[in-house]
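**Student:** Let's have the full structure, built from the sequences with the hints guiding it.
Residue numbers (our numbering), protein chains in the order written: chain U, 1 to 255; chain D, 1 to 363; chain L, 1 to 483.
Simulated from the structure, these hints should not be mistaken for laboratory data. Just so you know, these numbers come straight off a predicted model, no measurement behind them. Ideal placement from N, C-alpha and C gives every residue a C-beta, glycine not left out. Mixed in with the good hints there might be a few duds.
Capping the alpha-carbon separation at 30 angstroms, the derived lysine-lysine pairs in DSSO-like fashion look like this [as the list claims (entries may be wrong)]:
#1 D:72 / D:58
#2 D:118 / D:136
#3 U:41 / D:58
#4 U:3 / D:299
#5 L:26 / U:3
#6 D:52 / U:138
#7 L:214 / L:86
#8 U:240 / L:26
#9 U:53 / D:136
#10 U:3 / D:23
#11 D:61 / L:326
#12 L:214 / D:52
#13 L:26 / D:299
#14 U:138 / D:58
#15 U:41 / U:3
#16 U:3 / D:58
#17 D:227 / D:299
#18 U:240 / D:52
#19 D:227 / L:214
#20 D:154 / D:23
#21 U:240 / L:274
#22 U:240 / D:58
#23 D:210 / D:231
#24 D:52 / U:3
#25 D:52 / D:98
#26 D:269 / U:53
#27 U:138 / D:61
#28 L:214 / U:3
#29 L:274 / U:138
#30 D:23 / U:53
#31 D:269 / D:231
Negatives, chain D to chain U, calculated, CB over 12 angstroms [to be verified]:
#32 27
#33 49
#34 336
Spelled out from the first residue to the last, the chains are:
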Amino acid sequence: MGKFQGKVVLVTGASRGIGASIARAFAAEEASVVVNYLQNKEAAEQVVASCLKLGGDAWAIQADVTSESAVQELIERVLLEMGKIDVVVNNAFTPYAFNPDERKLAWELKWEDYQNQIDGALRSTHYMCQTVLPFMKKQSQGSIINMISNLVERPIVPYHEYNTAKAALQGYSRNLAAELGPFGIRVNCVAPGLVYPTSASKYTKEEVKEMIIAQTPLRRIALPEDVAGPVLFLASDWSKFMTGQTLFVDGGFVM
Amino acid sequence: MNQQQEIVQHVFRFIQADASEEKDFNELALRLYAYQYQYNLPYRSFCMQKGKTPRMVKTWKDIPPVPINAFKDATLSCIGPEKAEAVFMTSGTTKGIKGKHYHPTLQIYDQSMTLNFKKRFMRDIEHIRMGILFPKEKELPNSSLAHYLALAVKEFGTKESHYLVNENGVDMNRLLDELHHAEETGEPYALLGASYSFVHMLEELERMGKTFSLPKGSRILDTGGFKNQSKELELNEFYLLLSTTLGVERSECINMYGVTELSTQFYDKGNESVPSVKSGPHWIRTRVINPLTGEEVPKGERGVLVHCDLGNFNSVTTILTEDVGIELENGFFLLGRVQGTEAKGCSIAVEEFLKSASKGVSE
Amino acid sequence: MRELAGYLPDIGETEFETKILTFQSKNETVEVEIPFLTTEQMDKVIEKVKKASAETLKSFSISEIVSIIDQAIDRLLDRDSLYRQKAEKLLPIVTGYDEEIIRLGLTSYLKTFRKKELQRFLIEDLGNPLLLDDFQPRVKGGFSKAMGPNVVTHIWSGNVPALPFWSLISGLLVKAGNIGKVPSTEPLFSGWFAHLLVEVEPRLADCLAVVWWKGGDEERESSIFEQSDVVVGYGGNESLQSLQNRMPVTTRFLPFGHKISFGVVSQASLDSRKTWQSVHQAALDVIRYDQQGCYSPHIFYVQHGGKVSPKEFARFLANELENFQKRHPRRELSMEESASMAAWRQREEMTIFSNPNNEVLGNQANDWTVVYEENNIHFTPSSLNRVIKVIAFETIEDILPYIAPHRSLLQTVGIAANPNELFEWAELLGKTGVTRITALGSMTSPEAGWHHDGRFNLLDLVNMVDIEAAAEESSEQFAPYVD
Numbered sequence: 001m002g003k004f005q006g007k008v009v010l011v012t013g014a015s016r017g018i019g020a021s022i023a024r025a026f027a028a029e030e031a032s033v034v035v036n037y038l039q040n041k042e043a044a045e046q047v048v049a050s051c052l053k054l055g056g057d058a059w060a061i062q063a064d065v066t067s068e069s070a071v072q073e074l075i076e077r078v079l080l081e082m083g084k085i086d087v088v089v090n091n092a093f094t095p096y097a098f099n100p101d102e103r104k105l106a107w108e109l110k111w112e113d114y115q116n117q118i119d120g121a122l123r124s125t126h127y128m129c130q131t132v133l134p135f136m137k138k139q140s141q142g143s144i145i146n147m148i149s150n151l152v153e154r155p156i157v158p159y160h161e162y163n164t165a166k167a168a169l170q171g172y173s174r175n176l177a178a179e180l181g182p183f184g185i186r187v188n189c190v191a192p193g194l195v196y197p198t199s200a201s202k203y204t205k206e207e208v209k210e211m212i213i214a215q216t217p218l219r220r221i222a223l224p225e226d227v228a229g230p231v232l233f234l235a236s237d238w239s240k241f242m243t244g245q246t247l248f249v250d251g252g253f254v255m
Numbered sequence: 001m002n003q004q005q006e007i008v009q010h011v012f013r014f015i016q017a018d019a020s021e022e023k024d025f026n027e028l029a030l031r032l033y034a035y036q037y038q039y040n041l042p043y044r045s046f047c048m049q050k051g052k053t054p055r056m057v058k059t060w061k062d063i064p065p066v067p068i069n070a071f072k073d074a075t076l077s078c079i080g081p082e083k084a085e086a087v088f089m090t091s092g093t094t095k096g097i098k099g100k101h102y103h104p105t106l107q108i109y110d111q112s113m114t115l116n117f118k119k120r121f122m123r124d125i126e127h128i129r130m131g132i133l134f135p136k137e138k139e140l141p142n143s144s145l146a147h148y149l150a151l152a153v154k155e156f157g158t159k160e161s162h163y164l165v166n167e168n169g170v171d172m173n174r175l176l177d178e179l180h181h182a183e184e185t186g187e188p189y190a191l192l193g194a195s196y197s198f199v200h201m202l203e204e205l206e207r208m209g210k211t212f213s214l215p216k217g218s219r220i221l222d223t224g225g226f227k228n229q230s231k232e233l234e235l236n237e238f239y240l241l242l243s244t245t246l247g248v249e250r251s252e253c254i255n256m257y258g259v260t261e262l263s264t265q266f267y268d269k270g271n272e273s274v275p276s277v278k279s280g281p282h283w284i285r286t287r288v289i290n291p292l293t294g295e296e297v298p299k300g301e302r303g304v305l306v307h308c309d310l311g312n313f314n315s316v317t318t319i320l321t322e323d324v325g326i327e328l329e330n331g332f333f334l335l336g337r338v339q340g341t342e343a344k345g346c347s348i349a350v351e352e353f354l355k356s357a358s359k360g361v362s363e
Numbered sequence: 001m002r003e004l005a006g007y008l009p010d011i012g013e014t015e016f017e018t019k020i021l022t023f024q025s026k027n028e029t030v031e032v033e034i035p036f037l038t039t040e041q042m043d044k045v046i047e048k049v050k051k052a053s054a055e056t057l058k059s060f061s062i063s064e065i066v067s068i069i070d071q072a073i074d075r076l077l078d079r080d081s082l083y084r085q086k087a088e089k090l091l092p093i094v095t096g097y098d099e100e101i102i103r104l105g106l107t108s109y110l111k112t113f114r115k116k117e118l119q120r121f122l123i124e125d126l127g128n129p130l131l132l133d134d135f136q137p138r139v140k141g142g143f144s145k146a147m148g149p150n151v152v153t154h155i156w157s158g159n160v161p162a163l164p165f166w167s168l169i170s171g172l173l174v175k176a177g178n179i180g181k182v183p184s185t186e187p188l189f190s191g192w193f194a195h196l197l198v199e200v201e202p203r204l205a206d207c208l209a210v211v212w213w214k215g216g217d218e219e220r221e222s223s224i225f226e227q228s229d230v231v232v233g234y235g236g237n238e239s240l241q242s243l244q245n246r247m248p249v250t251t252r253f254l255p256f257g258h259k260i261s262f263g264v265v266s267q268a269s270l271d272s273r274k275t276w277q278s279v280h281q282a283a284l285d286v287i288r289y290d291q292q293g294c295y296s297p298h299i300f301y302v303q304h305g306g307k308v309s310p311k312e313f314a315r316f317l318a319n320e321l322e323n324f325q326k327r328h329p330r331r332e333l334s335m336e337e338s339a340s341m342a343a344w345r346q347r348e349e350m351t352i353f354s355n356p357n358n359e360v361l362g363n364q365a366n367d368w369t370v371v372y373e374e375n376n377i378h379f380t381p382s383s384l385n386r387v388i389k390v391i392a393f394e395t396i397e398d399i400l401p402y403i404a405p406h407r408s409l410l411q412t413v414g415i416a417a418n419p420n421e422l423f424e425w426a427e428l429l430g431k432t433g434v435t436r437i438t439a440l441g442s443m444t445s446p447e448a449g450w451h452h453d454g455r456f457n458l459l460d461l462v463n464m465v466d467i468e469a470a471a472e473e474s475s476e477q478f479a480p481y482v483d
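**Tutor:** This is the structure in structure tokens:
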């Protein structure tokens, strides 16, 4: 029996990259996975197909998670179809090109740049959490996992607006964890280092990768599937006494 | 053809087949589940509460069982109750509220009953002269047992079959005539009815000092237990008395286990030893569960019975009984009803509260 | 493992028939062997106790008796003492309750029988404890003395450990000989206590007996009641009724029937900071002895209007019960209890259809259940074993009409409210028949000197003997020193 048999898991931004890899990992443990996507229906359907093949159930739903009404509609549909939500993985974020050579310098940033990233990381997560909370409280359980970045701890490349937004998300998660603990709801973060290949990291130069590898004890760069393990762990009963934590998945780059 | 007719057709074909594969049983059970989830609204909210939408239910074992008591509280039907051809009600002792089971058509109930009855009770013969120790269907229009017995007489009784109870209980004169007639002619005879009526009959016969030796091929079917309507006999004593008083082998004393909330019955292969092994036809399956977790107990351990009856196409297929049993290779032991519990300390238990509330002890 | 239960005075016999009661927990079995006396032996025991009570017990002063009980309780509070160790080891097996719950429960309960609490107990009921020793002057004139009966028979019931201590200690305080009948569900603790008392004061050896017979043994009970001055009975109304039917009119019968208790939570306690405290205390009341006590809550009525809604309160409570399940797991339930609990919960789940605002909260293993109800105030008991209802209300007056019809069953109300509300509500609840009001978290530990079911623990046992002023005055004229 799969570890997540009978569990409903919602992964935002799951049509590709890390999100897709997380969705597949849950499916392999027989979860019923909601594959949320914004634009790429075809890619999402492919993720669904591979989830089914792996032995889980999966369902692709389009929704812009930065829209409050879209999130509410998404959750309503999930509850009607699946009756409950056990795990939410807030993985979607506003597109960002991780290009250390082209990134904006501190004095070039406008508030809108920050706002844009904060909307993508924090606002979307807030909408999602507000919407699922009543149901998770009713279930007296639930696990929320927010994807952040190891850059919040060590900004080896100061992607100001991105790192700041993710750092805000970490703070948000800790506060949420403190308030929701008495309801049996856990909130944790997973902070990957540079993950390759993903669409966001496709412009990252080899030189930068080499630099990171050289400073990473496990001497390579994370693959999307490396991230899934800690996410599944935080979603499972194995971590039932952990909340407000951040797991770094970067080969020991941050410690 | 509307959806209900399609469902009925599907169930009909399923029952008509000789046996069923797990796969086919599952398929129909899940189809019925989706249908009932859609149209039986109280059931739907019950299932949603448990997070068991049709999408999340992958096998018949996942279908949320409805506690038998819920038939008292809610209208569990996919059609408006006024459209039902028949409504069977429980005898309802607590507070006079009766559980109601709605049948849009009796086609499936009757098909289920006759096929199963023929196989388990009639076996080698087509017809038999019957005596019925239970009121007629006319008198108890909401009794599933009255309907069951009427159907038995109609389909399998010879035209000389009789009802042997009147307003005063067992019609002893009539009964004695029938028993004598059977003894004299050597024509096999079948007595069917409520277990407690048999007890009354046995008491009367004992008082009269009469015993019989019914011809070979004669048989007995009792059902329903004693329900406080007669002396509570130990099962062993009951069948011993039946057998010695009427001269019918204990192996020919069949006990039928059925409840108003189902459309299908279980039978044993006689009661040479008790408890007997009960089993049902291929369209009903039974699980023995730990009532706390809902999970099956290991084979051989005591648990509570859950039945999934595909004949229940309109209400809910899967019900949680209050009967304790043990799963066996070829059926299950029925060990009787779960007894009420008293509080262990000095707090009041629900039953005592109800009792004192109804007696007005608590002013 | 085998343990001898009960306590017998010396009746010159050593051969007794015994009955073995077997208790089983997950991995241990205890066989409890308890004497099962013949009617003749029982008569001898009663005779002996009666005599010792009159000749020995009545000669002790009340402060001596208090000191004996205090020393015995002191030993039971000492976790290294023999009987305390037995209790901690065997009672979890016998009753099924969590070891920690028993350990903590015993300490908090036994504490209420220390010397200072006993003194409070005495003064509470009698005003002047010396009434038990000697004729004391009364304000109205004349003198009175509280005379204890010769023999009090206690019919204990239920498996909440040490509960029989209330009536046994009350009996001792009024200098009565005591015959206690232990329940089959917890036959050990009162016997140990009897042994302990005798170890502390050997002269008490014949003043008490702890025995067992099968409840409802009419002949035996009638004979014992005939020989008792007072019978204190615990149990359901049905069994109490049957005891009463056999009670001679000359024997005083003090029945303590099963009771129902509940909590009332004011919106005043439901702010962001204090809610959890209330919830935590409420959960403790639920898990202690799995609600089997008469003071255990069946329902919490929670007021609308606080920062935290009644619905949120229910959800907080749910997770608190889940946490306690890990810390102090519930007793293993029998098949019957499991089935009735499952049926109860599923039936509640079925009602969500007609009451969509209700919630049934619980975990997969059914370790606990919280049912939240809105717009539907009622008063029905829980199926116990950590099953609790949270019912939302607006004003206390909304609740009262539903409680009032059950006057004779009401006992404790746990309250979280501000001082004004506390007294206002106490007045209203008292009128409906409630006899004890306490804080959430204290429901299962009544304080020393409480009025059990509203009655006097000691006064109900004694007879007051009055020397009227007239007698006193008249005696003066016959005095040898009269001038």
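**Student:** Run every hint past the structure and note whether it holds.
**Tutor:** Verification of the hints:
no.	hint	result
1	D:72 / D:58	holds, 29 angstroms
2	D:118 / D:136	holds, 21 angstroms
3	U:41 / D:58	holds, 26 angstroms
4	U:3 / D:299	holds, 25 angstroms
5	L:26 / U:3	holds, 28 angstroms
6	D:52 / U:138	holds, 15 angstroms
7	L:214 / L:86	holds, 25 angstroms
8	U:240 / L:26	holds, 26 angstroms
9	U:53 / D:136	violated, 58 angstroms
10	U:3 / D:23	holds, 24 angstroms
11	D:61 / L:326	holds, 29 angstroms
12	L:214 / D:52	violated, 48 angstroms
13	L:26 / D:299	holds, 20 angstroms
14	U:138 / D:58	holds, 24 angstroms
15	U:41 / U:3	holds, 28 angstroms
16	U:3 / D:58	holds, 16 angstroms
17	D:227 / D:299	holds, 29 angstroms
18	U:240 / D:52	holds, 23 angstroms
19	D:227 / L:214	holds, 27 angstroms
20	D:154 / D:23	violated, 35 angstroms
21	U:240 / L:274	holds, 26 angstroms
22	U:240 / D:58	holds, 27 angstroms
23	D:210 / D:231	holds, 20 angstroms
24	D:52 / U:3	holds, 18 angstroms
25	D:52 / D:98	holds, 28 angstroms
26	D:269 / U:53	violated, 46 angstroms
27	U:138 / D:61	holds, 25 angstroms
28	L:214 / U:3	violated, 51 angstroms
29	L:274 / U:138	holds, 21 angstroms
30	D:23 / U:53	holds, 20 angstroms
31	D:269 / D:231	holds, 25 angstroms
32	27	holds, 17 angstroms
33	49	violated, 8 angstroms
34	336	holds, 33 angstroms
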